[in-house]
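Visitor: Sequence:
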Amino acid sequence: MKHSETPGPNRSKSPEPKRFKGDYQSPLKPGEALQFELQGTDGRARAGVVHLPHGPVKTPVFMPVGTYGTIKGLLSEEVDELGPEIILANTYHLGTSPGAGLLRKVGGLHEYMHWPRNLLTDSGGFQMVSLLKLLSISEEGVHFQNPRTKEMMMLTPEESMGIQNSIGADIMMALDDVVSSTYEDRDRMKDAVERTIRWLDRCIAAHKRPEEQNLFGIVQGGLDRELRSWCLAEIKKRKLPGYAIGGLSGSEAKESFWQVVEQCTAQPEGLPADRPRYLMGVGYTLDIICCVALGVDMFDCVYPDTYCEVRYSACSVRPDAVESI
Numbered sequence: 001m002k003h004s005e006t007p008g009p010n011r012s013k014s015p016e017p018k019r020f021k022g023d024y025q026s027p028l029k030p031g032e033a034l035q036f037e038l039q040g041t042d043g044r045a046r047a048g049v050v051h052l053p054h055g056p057v058k059t060p061v062f063m064p065v066g067t068y069g070t071i072k073g074l075l076s077e078e079v080d081e082l083g084p085e086i087i088l089a090n091t092y093h094l095g096t097s098p099g100a101g102l103l104r105k106v107g108g109l110h111e112y113m114h115w116p117r118n119l120l121t122d123s124g125g126f127q128m129v130s131l132l133k134l135l136s137i138s139e140e141g142v143h144f145q146n147p148r149t150k151e152m153m154m155l156t157p158e159e160s161m162g163i164q165n166s167i168g169a170d171i172m173m174a175l176d177d178v179v180s181s182t183y184e185d186r187d188r189m190k191d192a193v194e195r196t197i198r199w200l201d202r203c204i205a206a207h208k209r210p211e212e213q214n215l216f217g218i219v220q221g222g223l224d225r226e227l228r229s230w231c232l233a234e235i236k237k238r239k240l241p242g243y244a245i246g247g248l249s250g251s252e253a254k255e256s257f258w259q260v261v262e263q264c265t266a267q268p269e270g271l272p273a274d275r276p277r278y279l280m281g282v283g284y285t286l287d288i289i290c291c292v293a294l295g296v297d298m299f300d301c302v303y304p305d306t307y308c309e310v311r312y313s314a315c316s317v318r319p320d321a322v323e324s325i
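First residue of the sequence shown: 1, per the UniProt record's numbering; consecutive thereafter.
Check the hints yourself; a few may be wrong.
Calculated cross-link-like contacts (lysine-lysine; reagent style PhoX-like; alpha-carbon spacing at most 25 Å) [to be verified]:
#: 1; residue 1: 208; residue 2: 236
#: 2; residue 1: 190; residue 2: 150
#: 3; residue 1: 29; residue 2: 254
#: 4; residue 1: 105; residue 2: 208
#: 5; residue 1: 190; residue 2: 239
#: 6; residue 1: 190; residue 2: 254
#: 7; residue 1: 58; residue 2: 239
#: 8; residue 1: 208; residue 2: 29
#: 9; residue 1: 208; residue 2: 237
#: 10; residue 1: 150; residue 2: 208
#: 11; residue 1: 208; residue 2: 254
#: 12; residue 1: 58; residue 2: 236
#: 13; residue 1: 105; residue 2: 58
#: 14; residue 1: 29; residue 2: 236
Please keep in mind that the hints were generated in silico from the structure rather than gathered at the bench.
Model the full assembly from the supplied sequences, consistent with the hints where possible.
Guide: Set out below in C-alpha cells:
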C-alpha cells in the first residue's frame, strides 16, 4: 500500500500517518512484544487494550483484511484516516507475491505498505480449505501450485515462520492443518488436530524474533467437542502470547458455531483469560456481537472488502451490465 506519486485532481497529498495517535506511551519493556490490559468485564464480555510494538489495539476489535498488503480500493492515507489500529495480511499470498526476499530487502511489510501501525499475518493454513485444489498435505507441510507461475511449491511450518519473520508482523499465526468444520471424516479431523500441535511446536522452534513478534497458536477440532478439548489442553501448555479459534465460519449451523466458541472461552477449561483471543474469519455483525458476549477479543473477515468492492464495481459500469457482476 503506497502513496500515489501524483495526487488526483481534487486530492492533496496527506501528511505521513503517525505510528501512535495522541499521547500514548507504550508500556512494553525491552524484549517484550505484547501486554494485554483488561479494562472491564460484563459476564464473559470484556474490553481491553493489546499493547503491541506498533501501538495499542483497543478490544474488541475487527481487523480489516489487506491480503496482499493493500486494502482494496483505498490509498494508505485513506486507511489512516479511517483509523484501524491493526490490519491483517496473508503469508501465503505475500510469500508468492511480492515474496519474502523483496519484503526482507525493503525492511518488512510495514515499509512496503507505508503502514506505521500494527499488522497481523495469517500463516496460510486457511488456504488449505479455500484453495484445496491447489495443494496436498503431508507431515512435512503443504504442497501447492503457485497460482501465478504454476510452479509447485511447499509451505512448511519453518518456511511460514521465515516468511512471517521477514514480513515483520506484530502478530503472526502458527501454520495449522485446517479442515472444514462440516467435514465428516473424524479420523481426518483427529489427524489434523494432532498435526496442528506438532506444527505449532515446529513454529515455536523456528520463530527467530520472539522479542519483537508475537506467535499465536490456533485451536482446531471442527465441531467435535472432544477434539477441541484436547487441542485446548495441549495449546495452553505452550504458554503463548495469544491464541486463536480456527476452523469455523465454514457453513456450519449457527448454534454449533456458537457452542464451539463458548467451549473455547469457558473457564478454566478454555483459553486463558489473561491473553487475547482471536476468532478467525468471522465478520458478520450478529456473529461478532454474540462472540464478544462469549469473551472473544479479535475478529477478521474478507466480507466487508469483498462486498464493498462488488458494490463499487456495480456503480462503475453501465446499468445493463450490473447483472453480470
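Visitor: Which earlier hints turn out false for this structure, listed by number in ascending order?
Guide: Violated: hints 2, 3, 10, 11, 13.
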